[in-house]
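> Chain by chain, the residues:
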Amino acid sequence: MADNLTLLQGARRFDMGALAEIYDTFSPAIYRYAMRLLGDTDVAEECVAETFSRFLMALKNGKGPREHLQAYLYRIAHNWITDVYRRKPPPSIPLNTEIPSESEIEPPNLLTQELKRQSVRDALALLTPDQRQVIVLKYLEGMDHSEIAMVINKPVGAVKAIQHRGMQALRRLLCSEEGDYS
Amino acid sequence: MTHLDNNIENRIKILLEGLKEITPRDTQSVAQSRARFLAQAELIAQELQSKESPESNWLKNRLIDWMKVIQNTNQRKDRKPMITTLVSFLITMAMILGSAGATVFAAQGSTPDDPLYQVKMLSEELQLKLAFKEQTQLKLALKFADNRGEEIATLVEESQPIPAEVQVRMQQQNEFALQLAAGMEGAAMHQALEQIRTALQQQERMMAQLQAAHPEEPIMEQIRLRIQEQLRLVEMGLSDPQGFLVQIRTRSQIRNEIQQGIPGEPPDPGSGGNGNGQGQPPAEPPQGANGTGPGPQGPQVDPGSGNGTGPGPVETAPPPVPPGDNGNGPGQPPEDPGSGNGDSGQGQPPEDPGSGNGDNGQGQPPEDPGSGNGDNGQGQSSSPSTPSGSGNGDSGDGGNSNGNGR
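The listed protein sequences correspond, in order, to chains A and B.
Mapping to this note's numbering: the first sequence position 120 is 120, numbers consecutive.
So this note's numbering is basically just the index in the second sequence, starting at one, shifted up by 182.
Hints in this document: simulated from the structure, not taken from any laboratory.
One or more of the hints may lead you astray.
[Unchecked claim] Listed next, the in silico DSSO-like pairs over lysine-lysine satisfying Cα-Cα at most 27 Å (straight line):
no. : chain 1 : residue 1 : chain 2 : residue 2
1   : A       : Lys-60    : A       : Lys-88
2   : B       : Lys-202   : A       : Lys-154
3   : B       : Lys-325   : B       : Lys-315
4   : B       : Lys-195   : A       : Lys-116
5   : A       : Lys-160   : B       : Lys-195
6   : A       : Lys-63    : A       : Lys-154
7   : B       : Lys-250   : B       : Lys-233
8   : B       : Lys-325   : B       : Lys-311
9   : B       : Lys-195   : A       : Lys-154
10  : A       : Lys-88    : B       : Lys-202
11  : B       : Lys-195   : A       : Lys-88
12  : B       : Lys-202   : A       : Lys-116
13  : B       : Lys-250   : A       : Lys-63
14  : A       : Lys-160   : B       : Lys-202
15  : B       : Lys-321   : B       : Lys-311
16  : A       : Lys-63    : B       : Lys-233
17  : A       : Lys-60    : B       : Lys-233
18  : B       : Lys-250   : A       : Lys-60
[What the hints assert, rightly or not] Chain B residues, not near chain A, derived (Cβ > 10 Å throughout):
no. : residue
19  : Gly-200
20  : Ala-289
21  : Gln-309
22  : Phe-314
23  : Gln-342
24  : Ala-395
25  : Arg-406
[Claimed, not checked] What the simulated footprint calls covered on chain A by chain B, stretch by stretch (three residues with Cβ under 8 Å from a Cβ of chain B suffice, anywhere in the stretch; the number is not a length):
no. : region
26  : 13-21
27  : 47-54
Don't be surprised by glycine CBs; every beta carbon is placed ideally from N, CA and C.
Model the full assembly from the supplied sequences, consistent with the hints where possible.
What follows is the structure, given as structure tokens:
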């Protein structure tokens, strides 16, 4: 954290070294986050560029993060992705895909894998922004509840509740018949 | 959470895990994106530096300092008297300056009989002194001369006497414009002369209209003659710039000589009196110095009576002293030829005998020998071959000039 604070202080002075280090440190994570949600390299790169551009504009206006730089960058990226979701039409295909068995998770070919990934992305797209963000940060980015709480600016208890509702929604979206799992 | 829930959650987690596998980021895209980010940062940094330059910070810092002072004084009661004094001083200064400005503004419409007229004159002089560019000075001089013309018109319309000061100032301001034009070069001088010509023509038209409407005012004719003389100089400047420069230089020299020779004093004891003073009989005919002394052929009874026009070789411009200093007593002795008691006597050279211009006087050429106009005077020459001073008295301070040469 001390390193991040030092970087932030440098960034506020528009020290090019500090800004370059911030980009090198955090842009891969933002790219991964966008890529996992959007599944498109170009859009993910655009997300990274827009996130860091907004970060610079915030610094220029004397705003921006005081300490939690990573959480701040995730928040910007999340808002940008939410806007993308809003602009995009929602998935038209009814998500009645049965959740596959564990044996089926090892696909014989890449195309099948990609189709499954797209199904999961479509399901995520149908969650509320908070649910989607919490689910992704928790299960894809590996953050704990306190870290997620910093990203979404909500208490840990609220994060847990959002996570629970998100998982319930995914369950409804991905599992046509609960009885399949009995 | 039931076993079923755990099972489903595990399955969802496994599905989500599938999203972890992403296409590796293209290194070229990374480099480009990074370069764009840093370029944008550089631009913003430069923009912020320019905003934080000392010049832009100066005002901001001053404002902040003032805010601190005000804040501190509000917090510290012991400074209140000092602030009260400061505020009082500022308010007083604002009132003084504001009232002075209001006075000057109010004076702009005053006429010579108003108490504020001197304020108007002072403000005009100040404007002229503060104008550094010759073009600005020229415009101001012509504008002020126009102002004098309007004042004369106002006074004539109201049947008020026209102080000599107004006429003198009008002529001086036109003369000043001519000098400014003479100091310019080439096209600038030509342009300035065009401006002066336009202004003089306008003044002349105004005076002609006034004269037509009020033929009982003889002064209008004199003013017109002055303007016409200056118009002739302008025409000369447009057609023969060198001759114009010589004329202006000569007029300026003579004016200086008069100022130096008679610093603030009239050349004769009759200053301040009427223009009907008695001149000394001229010892020599061409030197009917002050005016309208008759030529040698003229009557010797009252030679040199009147003022202004002597047969000096050149015109004498009005001295800058008040008109009262140009009083007209007895004519000048021959030792002071051409200088006059006239406001601006102008004598003609002997080659142009009989013509002589006093302050307002203008002798006639030999074809019309001896006729001349003084302020209110007229001289006549008995002989075309000899110059006859034309009676040209300028009004003394409070006096009237009615010099009549004979």
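> Does the structure break any of the earlier hints, and which numbers would those be?
Going through the list in order, the structure violates hints 1 and 19 and respects the others.
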